[in-house]
Structure formats: structure tokens, C-alpha cells
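Read top to bottom, the protein sequences are chains A and C. FYI, in the working numbering the residues of the first sequence are 1 to 258. FYI, in the working numbering the residues of the second sequence are 1 to 258.
Heads up, some of the hints might be wrong.
List time: in silico DSS-like cross-link candidates among lysine-lysine, alpha-carbon distance up to 27 Å [claimed, not checked]: (1) C:K3 <-> C:K198; (2) A:K255 <-> C:K255; (3) C:K198 <-> A:K205; (4) A:K255 <-> C:K205; (5) C:K255 <-> A:K180; (6) A:K177 <-> C:K147; (7) A:K147 <-> C:K3; (8) C:K85 <-> A:K255; (9) A:K85 <-> A:K3; (10) A:K147 <-> A:K183.
Everything labelled a hint here was simulated from the structure, so no lab data went into it. Source: prediction; values computed, not measured.
2 protein chains.
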Amino acid sequence: MTKRPLILVTNDDGITAPGIRALIDVMKELGEVVVVAPDSPQSGMGHAITIDSMLHLERVYIDDGEQEEYSCSGTPADCVKLAVKEILDRRPDLCVSGINHGSNSSINVIYSGTMSAALEAGIEGIPAIGFSLLDYNYNANFETAKKYVKTIAKNALENGIPDQVVLNVNFPNLPEKDIKGIKVCRQAKANWEEEFDKRQSPQGKDYYWLTGKFVNLDPGEDTDEWALENGYISVVPVQFDLTAHHTISTLNTWKFND
Amino acid sequence: MTKRPLILVTNDDGITAPGIRALIDVMKELGEVVVVAPDSPQSGMGHAITIDSMLHLERVYIDDGEQEEYSCSGTPADCVKLAVKEILDRRPDLCVSGINHGSNSSINVIYSGTMSAALEAGIEGIPAIGFSLLDYNYNANFETAKKYVKTIAKNALENGIPDQVVLNVNFPNLPEKDIKGIKVCRQAKANWEEEFDKRQSPQGKDYYWLTGKFVNLDPGEDTDEWALENGYISVVPVQFDLTAHHTISTLNTWKFND
């Protein structure tokens, strides 16, 4: 008898978020599911890991079903490390993270806890995908996304994911009839124009809230931003070799020995 | 009269760490220096940003000199954002981060608060360099590194840094006489083999400490790990377009419409 694929599920919005509940639903159709996810929201955590404090891990029972679920006091990257080393009895065939409440397209990949979990799995040699829906609401509708999550995860289980690469999948916030399909894209060149909201405490001390406006600087039609704006689901292959290989020859002209 | 270059200095070990003090010393020789750095250590913070709580920023006076210094309650990436938006009256000509107490070579770039500050500056279009010394000790000797920091920063000010790229510089923990020079490298393929140290609280509850062993999986002689092991200072150009462009054609063979 062939074993069903083992699928590790995590996220950065916390183990009770509707987005991860939707993802667990889909994964139960594809394999044996183990969930290890943060006990509280971790958005904007980037690829943080916990090295200066201890981690708690607790078996929890949230939804019905055969999945095993663990709540962890750490970051998304911590969850993946703990799952692989302390919980799972074999290597997972796939790690999925999300479905994030909010976009992780273009430069957001850098700040994303959702994607950091996927990257952590990828670094450990586990095929991995991060899923995000362009809707920040707690009660976002994940039904349309679920159908495509299944398609993409099935492809990953059947074909594998290219070595040293994880997938960053974003869903436009559209009803199913307006979704044009799935598009493999590159990461758009974009950034955040921050604005700080400066306030004063009742004691007269200044403090700041980070706010900002997302700016797409990239006119390309092969980017994730273009795809999402035009009704497509974007799939960006993301690598963790950050070397800008094309600039090595330029840097070799620098005068290091003067 | 030409203005002296404006140099933003930050780090992830905290504003009082000896490593940033060494970096400030060198930068004062090259330009006008403004320091905005975390008020406490932030190692392992990856590219975290603070979106769910407020940020404090305070003018501080630590060492003598003309530099302006600010201590910030946020992450390294927060420090760069606050500096650019709330403190500096013009765009900095260079942002330097470090000198980190400990390595940020190869895959460590992903977990590194030091490099996240440099990346944040790079995303905002500011030439940026992260510096790290392969010595975790608080009282590490930064004297040898300082000479090379100056050489590399001078090159960056004179030549600029290639667009959409920041530099990740690591120093071997060697006396000056044993340093063979500076080498432009690619990021080695490496990872951490985690081991969790599982313990029990006096109340009988399990908890975990993350520990691990760094494993270089890359036999290449053009990597940062090779350079550092062989007495060179490594300089890796790092990009924040994470797209694995070479895999897009493979992913386009996937069956998305079954």
C-alpha cells in the first residue's frame, strides 16, 4: 500500500485564522496532514527565528478531522523547524503556508512570515508553497482560492518543485467567474512609500505608527502585480540563493588593494 | 563647497554594541554620520517590521563626536524606514549595517537582522552594505575589520553599488597578517541542521531551545564560505528580486487547467 503524501501546514496569521482552516480543508483531500502554526499572529515577521528565548509547543484540537495540530509560541520559521525535528516521523512531501490574509506579492515576499515558513521548508529540501489572498479581512472568502490551491498543490506533489525554489502564490480578491486563470510570473519591482503617523502619549512622549502606500514601479506585463491586477492568480518561483550573479564582474573592477 | 557624504549607520546587535561603535568610527572618517539603531539586540529578526505596535525613537549620546544618534524600539528594518522618513533631511549616500557580532555568510543572510537593514535601504534605492565579523563575542576585536570596512565603503561611495543590489561583507576572525585580501563571491549553498534542546519547566511543561550545527553543502571555491575558510574577506552581492527566473519555463509545463 502506498502511503498518502505527508503534508505540513503552517501560516503566520495564527493557528485559528480562517485562512489556515481553509488550507487544512484542501490538504486533507490530498494527504495526511500535520499542522504546526503560531499561537498568535506573526505578520511582518520576515524570516525571524527565535534564538534568545524558549519555544512552547502544544497539541491542540480545533476542527474535526484526522489532522494532527500543534500550536507553537514561535515564528513561522520556528514552526517548520520544530515540525521537522520534533514532530514528524518522516520528511513531509509538501509544506504549505497560508492562506495569508493579505498580499505577499512583489517586494512583500521579503517581509512575509507566510513566505518565510515556505522558504524555511525549501532550505530544508522540502517542496513548499506559500498562498496568500488579496483580502486583509479576518472574514475573507477563501472558497474560490481553495479550488486553485488544490490544483497547484496537486501539481507540486506530482511534478515536484524545482530544486532550491519555493512557490509564492497570490490570489486576486475576485469572485470565481472573474478569475482568468493561473500565471507563472516574476516578482514585480515595487516598494512601500512609508508614512509614519507621529503621535504623543498622554505623558508627552513621541511615538510612531508605521503606515504606507504600496507603489508598483514595474511596467512589465510578466510580473505578479500585473497578473493580479488583470484577474490572474500569480505563481512566482522564489529562490533563497540571493546572489546577484550578474554583478560579480562589475564588483571585481573595484580597487580593494589601494 | 561639496557636502560630505551622508552616511546612515545601523545594526541588529543594538546601538551600544562594540561592533556598531567600530563602524561609526570608520564612517566618521568618510562623511557626516547619523546613527539609528535598535535599543536592544535584534539578532535573528530576519526582515521583520513592526506593524502591530508603536515605535519609540530617542536622541541618545553615547560616544563623543559630531554624529547624531537615535535609539529605536523597533527592528533593524524599522530603523532604516524611520531614519529615511523622520530623521534625515536628505537621502543618505550610503547605509552601513553592523559590524555584526557573528557570521552572516551563506544562508545566514536570510535570518540576518544586519542584512535586513541593508536590504531595506537597498529597496529604498540607497547604496547599502552589511558587515559581519565571524566572532560572536561581545568583546570581539574589530580593529582589523575596520581597515577593510573603510576600503569597501570608499569604493561604494566612489563607484556606487549596482542597482537593486546590496553587499554582504563577512570578515574571518583572523589577525591582519593572516588575511589574504577581499574576494567577491557567491552565496554558498548551506543550511543549519537544527537540534532542539527539549527541557521541562519546574511546573512540568515542555519547552525547547533552538540549537544547531551549520553545514556547508557547497564544494565550490567561488563561495563566501570557501573564501572565509581560506583567509579571505567575502563580499557577496545580494539581490531582493527573489525570482528564480530560470525555473519559469519548467513551471509553465504544469497542468493548471485540468
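Structure-based check of all given hints:
The hinted pair formed by C:K3 and C:K198 fails the criterion: a straight-line CA distance of about 56 Å is larger than 27 Å. Between the alpha carbons of A:K255 and C:K255 the distance comes to roughly 50 Å, so the proposed pair goes past 27 Å and is violated. Annotation: proposed proximity of C:K198 to A:K205 is violated, straight-line Cα distance about 42 Å (limit 27 Å). Annotation: proposed proximity of A:K255 to C:K205 is violated, straight-line Cα distance about 57 Å (limit 27 Å).
For a cut-off of 27 Å, the pair hint linking C:K255 to A:K180 stands: about 15 Å separates their Cα positions. Under the criterion of a C-alpha separation no larger than 27 Å, the hint pairing A:K177 with C:K147 is inconsistent with the structure, at around 62 Å. Using a Cα cut-off of 27 Å, the hinted pair A:K147 and C:K3 is violated, with the two alpha carbons roughly 59 Å apart. Between the alpha carbons of C:K85 and A:K255 the distance comes to roughly 33 Å, so the proposed pair goes past 27 Å and is violated.
Of the pairs offered as hints, the one joining A:K85 and A:K3 holds, with about 21 Å between alpha carbons and a cut-off of 27 Å not exceeded. A C-alpha spacing of about 15 Å is found between A:K147 and A:K183, which places the hinted pair at or below 27 Å, so the restraint holds.
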